[in-house]
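Construct the complete structure from the given sequences, taking the supplied hints into account.
As given, the protein sequences belong to chains Y and S, one line each in that order.
Counting along the first sequence from 1, when you hit position 43 you're at 36 in our numbering, and nothing is skipped either side.
Counting along the second sequence from 1, when you hit position 9 you're at -6 in our numbering, and nothing is skipped either side.
Be a bit skeptical, because a hint or two may be false.
[Stated by the list, open to error] In silico lysine to any residue, SDA-like type, Cα no more than 20 Å apart, as pairs: (1) S:K9 <-> Y:D92; (2) Y:K61 <-> Y:S45; (3) Y:K62 <-> Y:T44; (4) Y:K62 <-> Y:Y18; (5) Y:K42 <-> S:N36; (6) Y:K62 <-> Y:N17; (7) Y:K62 <-> Y:T(-2); (8) Y:K42 <-> S:S81; (9) Y:K62 <-> Y:T95; (10) S:K53 <-> S:N36; (11) Y:K42 <-> S:Y86; (12) S:K9 <-> Y:G91; (13) Y:K42 <-> S:Y83; (14) S:K53 <-> Y:G91; (15) Y:K51 <-> S:E84; (16) S:K53 <-> Y:D92; (17) Y:K42 <-> S:V82; (18) S:K9 <-> Y:Q38; (19) Y:K51 <-> S:Y83; (20) Y:K51 <-> S:V82; (21) Y:K42 <-> Y:Q(-1); (22) Y:K42 <-> S:S16; (23) Y:K42 <-> Y:Y18.
No lab work stands behind these hints: they were computed from the structure.
Here the structure is a predicted model, which means the values were calculated and not measured.
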Amino acid sequence: AQSVTQLGSHVSVSEGALVLLRCNYSSSVPPYLFWYVQYPNQGLQLLLKYTSAATLVKGINGFEAEFKKSETSFHLTKPSAHMSDAAEYFCAVSESSGDKLTFGTGTRLAVRP
Amino acid sequence: DAGVIQSPRHEVTEMGQEVTLRCKPISGHNSLFWYRQTMMRGLELLIYFNNNVPIDDSGMPEDRFSAKMPNASFSTLKIQPSEPRDSAVYFCASSSVYEQYFGPGTRLTVT
Chain Y
-6 AQSVTQLGSH
4 VSVSEGALVL
14 LRCNYSSSVP
24 PYLFWYVQYP
34 NQGLQLLLKY
44 TSAATLVKGI
54 NGFEAEFKKS
64 ETSFHLTKPS
74 AHMSDAAEYF
84 CAVSESSGDK
94 LTFGTGTRLA
104 VRP
Chain S
-14 DAGVIQSPRH
-4 EVTEMGQEVT
6 LRCKPISGHN
16 SLFWYRQTMM
26 RGLELLIYFN
36 NNVPIDDSGM
46 PEDRFSAKMP
56 NASFSTLKIQ
66 PSEPRDSAVY
76 FCASSSVYEQ
86 YFGPGTRLTV
96 T
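Right under this line is the structure:
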């Protein structure tokens, strides 16, 4: 069975600081991995995805994530936080294309001025 | 493309009433997913369809919940009778290959 663990339900950074949101996964087969962002009162929006191509994946809004098989991790980073990045971020795993996603519990990112 | 469309966006109903949530997936997508999001339980998959056929409904809470997908462009999630603990935001998502695209959600309040 697949699962995702997001360490830290709340992360706070200063504007301009590095953003690092952690995600570890468990999967019995090579996984597909995703990061989604949810702004208040909105649906989830895809930030980026890993589908067994390049291990460093670049997404929208300056975010990127690196797939590390040895660490079973897929951490999300952004070099410089903006106030507009304040939202909840979800990591998700799937074991095949078109299959269901298993989501982590989410990390709420706050950005301090 | 208009994206995934859900209706209504907000629904307030009394306990015991029937509630029907509607979803129109993105044209050409062959998988459709229903999720529920609450503060206590986070994001839960209720059921998903592939080519209009239910594949996994193990997340449906109980017999009060039912979902249908009569054709590739429409799906419903019905709760009958509704209870206060069903209050949540219900999301529909569709996909074609890898990623899922989410609708804006229906915020359901059962009083």
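Here's how the hints hold up against the structure:
1. S:K9 <-> Y:D92: holds (19 Å)
2. Y:K61 <-> Y:S45: holds (11 Å)
3. Y:K62 <-> Y:T44: Roughly 13 Å between the alpha carbons, so the hint for K62 of chain Y and T44 of chain Y holds.
4. Y:K62 <-> Y:Y18: Holds - the C-alpha atoms of Y18 of chain Y and K62 of chain Y are around 10 Å apart, at most 20 Å.
5. Y:K42 <-> S:N36: Measuring from Cα to Cα gives roughly 23 Å; hence the hint is violated.
6. Y:K62 <-> Y:N17: Holds - the C-alpha atoms of N17 of chain Y and K62 of chain Y are around 10 Å apart, at most 20 Å.
7. Y:K62 <-> Y:T(-2): OK: K62 of chain Y and T(-2) of chain Y at ~15 Å, within 20 Å.
8. Y:K42 <-> S:S81: Given that 20 Å is the threshold and the Cα spacing comes to 14 Å, the pair holds.
9. Y:K62 <-> Y:T95: holds (18 Å)
10. S:K53 <-> S:N36: Answer holds: K53 of chain S to N36 of chain S is near 12 Å, not above 20 Å.
11. Y:K42 <-> S:Y86: holds (12 Å)
12. S:K9 <-> Y:G91: holds (17 Å)
13. Y:K42 <-> S:Y83: Distance of about 8 Å is within 20 Å: holds.
14. S:K53 <-> Y:G91: holds (19 Å)
15. Y:K51 <-> S:E84: Holds - the C-alpha atoms of E84 of chain S and K51 of chain Y are around 15 Å apart, at most 20 Å.
16. S:K53 <-> Y:D92: Answer holds: K53 of chain S to D92 of chain Y is near 18 Å, not above 20 Å.
17. Y:K42 <-> S:V82: The given pair, whose Cα atoms are some 12 Å apart, holds under the 20 Å limit.
18. S:K9 <-> Y:Q38: holds (17 Å)
19. Y:K51 <-> S:Y83: Status holds; Cα separation ~16 Å.
20. Y:K51 <-> S:V82: Distance ~19 Å between K51 of chain Y and V82 of chain S Cα, so the pair holds.
21. Y:K42 <-> Y:Q(-1): Holds. K42 of chain Y to Q(-1) of chain Y sits at ~16 Å (cutoff 20 Å).
22. Y:K42 <-> S:S16: holds (18 Å)
23. Y:K42 <-> Y:Y18: Answer holds: K42 of chain Y to Y18 of chain Y is near 14 Å, not above 20 Å.
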